[in-house]
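*Asks:* Sequence:
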Amino acid sequence: MASNTVAMPAPVCLIENSSTGQLHVNQQALEILSQIDQPVVVVAIVGLYHTGKSYLMNKLAGKRSGFSLGATIQSHTKGIWMWCVPHPCKPGHTLVLLDTEGLGDVERGDQKNDNWIFTLAVLLSSTLVYNSMGTITDNSVQNLHYVTELTEHLEVKAGDGNLDISSEFACFFPSFVWTVRDFSLDLIMDGKPITADEYLNNSLKLKKGSSKSTQTYNLPRECIRNYFPSRKCFVFRRPTSEDKMRRIEELADSDLEPVFVEQTKNFCAHIFNNTETKTMKGGFTVTGRLLGRLVETYLETIVSGKVPSLDNAVLALSQIENSAAVQSALTHYKEQMKERVSFPSHTQKELSDVHGQCEAAAVHIFLERCFKDEDQRYLLELMRLLHEELESIRSGKRFQSLKDCESASHSRVQHRSGQWTETAIGNNTVAMPAPVCLIENSSTGQLHVNQQALEILSQIDQPVVVVAIVGLYRTGKSYLMNKLAGKRSGFSLGATIQSHTKGIWMWCVPHPCKPGHTLVLLDTEGLGDVEKRDQKNDNWIFTLAVLLSSTLVYNSMGTITDNSVQNLHYVTELTEHLEVKAGDGNLDISSEFARFFPSFVWTVRDFSLDLIMDGKPITADEYLNNSLKLKKGSSKSTQTYNLPRECIRNYFPSRKCFVFRRPTSEDKMRRIEELSDSDLEPVFVEQTKNFCAHIFNNTETKTMKGGFTVTGRLLGRLVETYLDTIASGKVPSLDNAVLALSQIENSAAVHSALTHYKEQMKERVSFPSHTQKELSDVHGQCEAAAVHIFLERCFKDENQRYQLELMKCLQEEYESICRKNEKESEKSCKALIASLFRNVEDRLSSGFYMDIGGYKQYKSDQEHFIRQYKDTPGKGIQADAILKEFLNGKETMGNMILAADESLSEQQKRIEEDQARRDAMERDRRAIQENQKVLQQLLDDQERSYKQNMEQLLKKLKEDQKTAAEEYDRVLQAKLREQKDLLESGFEEKAKKLENDVRSLSQKKEETQSQSTLSKVMETVGNAASLFLPGIAGRALGVATSFLSRFF
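Residue 502 in this note's numbering sits at position 465 of the sequence shown; the count goes up by one each step and never skips.
You may find that some hints are simply not true.
Derived Cβ-Cβ restraints for the label pairs, each shown as a range [stated by the list, open to error]: (1) Ala361 with Glu53: 24 to 32 Å; (2) Leu712 with Ser429: 39 to 47 Å; (3) Glu980 with Thr1000: 28 to 36 Å; (4) Asn735 with Asn600: 23 to 31 Å; (5) Pro123 with Gly342: 33 to 41 Å; (6) Arg275 with Gly129: 32 to 40 Å.
In short, the hints are calculated from the structure, not lab data.
Note that the Cβ used here is the ideal one computed from N, Cα and C, for glycine as well.
Generate the whole structure from the sequences, applying the supplied hints.
*Replies:* Below is the structure:
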């Protein structure tokens, strides 16, 4: 037997039926099942007691004996017994045989649990065998009343009474085999031979009429026909004579009736070849381990007095199994990393490569075991834990730069159905094997953000390219988005008249053409869904698609007619659902929208016409532009015709069109997800490739108003900001959204930069430093890195409020480190003095120096102590100050020793006193000089800090100016093209109105490039910084001017 199955020499009881009628699961049987990781094929047999059920099950096990056979009128099998054997025809599968207690046992105290035995046999099996004796009569059919009572003992979905039970049961229930034992008749009807299957079907025919007796007759037949669409029948002759039946276990096939032996072989062959692997509702394959958990789940529900629910059972098992799958995969990853990684690794790539291989293996282990992982909750949990484990492994290592700390491992995630995608898994992106809902649209029309989707976005630090698709429902939007993801399936495709996508769904994949970028695909709910209660939120879905995307794809069917343009009335209502700046009605909305709005792509599906106009071929873009031409006139109908066209032309200066032929024939459209390109029309395949290539190569990185680059993390916060505003009943404001996000992000940038500074200083500084410059140099490097981290993340830092806050925090932290450095130096120096001066102190205490010649000895010992002190390293910046303080404290004692030394004349004593004063003055001078050097270094540090901040800030501001200028220039060129087109079309008045817009945009473009703007920023920062950086006072303006001269 293989390691993932078990050897069972004989059956064991799986579900015990106590004398009081209580059902209990047998832990020994569960232990056996828990060891079987193979898929299982489960055959259960039910029927009245003493009909020979156990004999057939022993035959399926390939044995004469095993399940107990009885020769008395009492039932032998109690509860449900189990025998697991290798499947004889399906390698890698285990055949699980379930022999059930005989139904209708007159000795049982509680007849009710016959229903539970029957229900459990149905729930647990792949094939259900119903065994009866003699012939199939109405009485034997009525004995199957248990099937009519299944609705009382089983729910599909807890609490849902609206489901079509028969259809749901038919999807989930096992195949049905009726075995008729001791059958002595000929299979002939109306003079013609019939098969056993025809015999069964004839027995299940319904009677016409509505009388009570007819209803009673029909009820079990209707249930069998509806619940078990796959039915089979076998008839068996009596196996041997009456006297041999009592010892049938001992008889070989040669001792039995040949016809019976042949019939038994046919029955076994059918079971072996036609019984499917056991699955749960939803089609999830059941292993032995899962079968055991199913048994526990159903039994716990029954014991609690409730009715088992198919959906609840699958959900409960998926939660247990998926959690176990996560743990198993994570454990494998940890063990492999522990075994394969040697610390320290030679390079970061070496560690990254091992991580990638171990991660891929862990994901494979998880996907092999998981099922019904709705919204990929458990896969995402595994990815998070793997990431945390990798970070934990990295945390003990030191890297020379921030770049070295980032990894980019790759893992191929392949689901059993082939629907998972290859993605990059690293610090700055995530693996999304399938889409998740980003914005939920509730049945009441309320929009809610999905926290799981936000969690995914929060892990993406890469810039994002966002493509959103909108359009009427059932127009094939999801198919195009799956193609952009490089998959056949993912976003839900529907083949019914109902809308499939609800709200806005998101799929993040590595960008195929822009390394270091994430492609975010947004598939939106179909507009104009007749089943939607509140049609208003179509406007919000459209508005959010515009706000969040870099490219907006509008999908329609057939041709571009006036009706299809009018269906885009949502674009005319954008001004009602969107503000540029809250409360400001004086802005040129079209110019502001054009600066911020995404590029626009119109996809026309099932397009069957030729692109010819006036006898000449035209491009799809020309077809779109012609459809957006304005009509002359001022009538109401003309205004209605022009309004959506003007909005599209003004709001979306970058427009593109693609037309698509019908992909395939009508009958294949229902299964288009399954079709490869070779199964589709070649023209459609080529058109789809051209569309995808355009999107990949021309869609820009998502930016906010002002040109600020959006990362996945920022996109998630944008979604929250917009949804919060909509939920409050207000209209989203572009400026307010950017401002709100900048405050959150800039605060986080300050915290991140400061944290990095603290960690680096803690790691790199050893107290006490040898000199102040040594500490200063480390501070300068860590501060420069911190400022870089801040400026990489911050945006719209008006008046440099957050950068000034960072500068202040860094200065305060540095000053705190300097104070600690002084204290550590002082502590070290005093400890050294206490150690070196101990012998001198002992002599002082004993009066050793109070004798003739004592002063000379004292001075000699003192000079020796001073030499030792100066020669000892590691004292820090307080060395001279602490020595001065100590020796000054010994002056009185020195004078006393000098006065007591009778070997010296008065003149000699005066000379010694003068020398002592000179020595003290020299020590004071050196201490003051050292202190001045420290103070000057601190002032120099402040000036350097200011210069570093200004240099990096000016570089960022220049980049921002360039981005803003490009943004204005893009809109300006679009306005000029629009103006030219209006003039050529004879709309002189409209063209003239655009002149003011053109001048205003040109002026704003020039303002963005003005040096005076940067000068004001520098002046503001200098004035504010001088309050906590006194070292730059009077010099900030000169520094700023110097930097500005280098940039202009």
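*Asks:* Taking each numbered hint in turn, which are not upheld by the structure, reported in ascending numerical order?
*Replies:* Going through the list in order, the structure violates no hint and respects every one.
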